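Undergrad: In this text, residue positions in the sequence shown follow this note's numbering: the first is 1, and each later residue adds one.
Heads up, some of the hints might be wrong.
What the hints assert, rightly or not - Each computed SDA-like pair below joins lysine to any residue, with the alpha-carbon atoms no more than 25 Å apart: (1) K157 with E236; (2) K149 with L176; (3) K149 with A225.
Rather than coming from a laboratory, the hints here were simulated on the basis of the structure.
Bear in mind that the values here come from a model prediction, so they are computed numbers and not experimental data.
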Amino acid sequence: MRRRGAATMLRAALLCTLASASDEVARSLTQLQSRDGRQQTQAARRLQDLSYEDPRAAARILEEGAAPHLVEVLTNGASLQAKVAAAGALVDVGGHGTSLRLEVTRAGAVEPAIALLDRDDDAAREVAAGLLVVAAPVARAAVVVPLVKMCGDTSTKASQIRAGNAAWALSRLADLPGLPLSMARAGAGEALKNALGAPRARRRAADAVTALAADEGVARELSDAGCGAALARALERTSATSDDMFSLVSALAVRLRCLMSVTPRHRRDATSRAATQALAEADPRDCLGEEK
1 MRRRGAATML
11 RAALLCTLAS
21 ASDEVARSLT
31 QLQSRDGRQQ
41 TQAARRLQDL
51 SYEDPRAAAR
61 ILEEGAAPHL
71 VEVLTNGASL
81 QAKVAAAGAL
91 VDVGGHGTSL
101 RLEVTRAGAV
111 EPAIALLDRD
121 DDAAREVAAG
131 LLVVAAPVAR
141 AAVVVPLVKM
151 CGDTSTKASQ
161 IRAGNAAWAL
171 SRLADLPGLP
181 LSMARAGAGE
191 ALKNALGAPR
201 ARRRAADAVT
211 ALAADEGVAR
221 ELSDAGCGAA
231 LARALERTSA
241 TSDDMFSLVS
251 ALAVRLRCLM
261 SVTPRHRRDA
271 TSRAATQALA
281 EADPRDCLGE
291 EK
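Please put together the full structure from these sequences, using the hints given.
TA: Spelled out as structure tokens, the structure:
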């Protein structure tokens, strides 16, 4: 009798919890449609809290139709804070499995996530990259092609900043299986070569080269596009005390052997001479910020 009573109480408590969570989701969906930025932010954060490390809750939230509302706030939210909160909720809701990733992606999350990368706000860029990581496994082309295009456009000062943000996102995506090769085939080598020549994109482009060249096939594509030589040229033009120097030295030093091994002899010799000279002229203590 006692066991039956305990089981009944447990079921009742579970039903009560589920009903309470369902009420919270419904209330949050109503708040998301508000024009008030604070209400949108609160609603998105509540959905994020409900779905955090709970796949069942995430599935329920999507079943209630939350994805389109969150994407609408991400796109046209009343404040940057609301957009960041909506992106964070989509990351947690969509990160629990392929079907949930698909639902978030089909709701249109990729395009506004890429737009959020362009904001001058570290939290916005971080959560935007996180959302692209969620979407990329089920929407490679939709994620990779626009980022590569953005990375390769360095025609103005503003576009150079965007190129750097795109390169940073590419480096974040490089850990996903198969993504580096997809990036290479989409023209990442040429795009990163351009970004390496742009002062406002150089450091993040170097970090992206380091991340992508971990794959031997991608390293070959980067080399064929001229990234090794572009790194060497960037080193020659960068002050030893510049913030860019450490990333450039790291990219060239860590990947130089792999890049050079697949480069034609005449290009390899020229790149090697330029890299050796630049590295010799740079004081390592300057790069690391140490006292001489």
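Undergrad: Which earlier hints turn out false for this structure, listed by number in ascending order?
TA: Structure breaks no hint.
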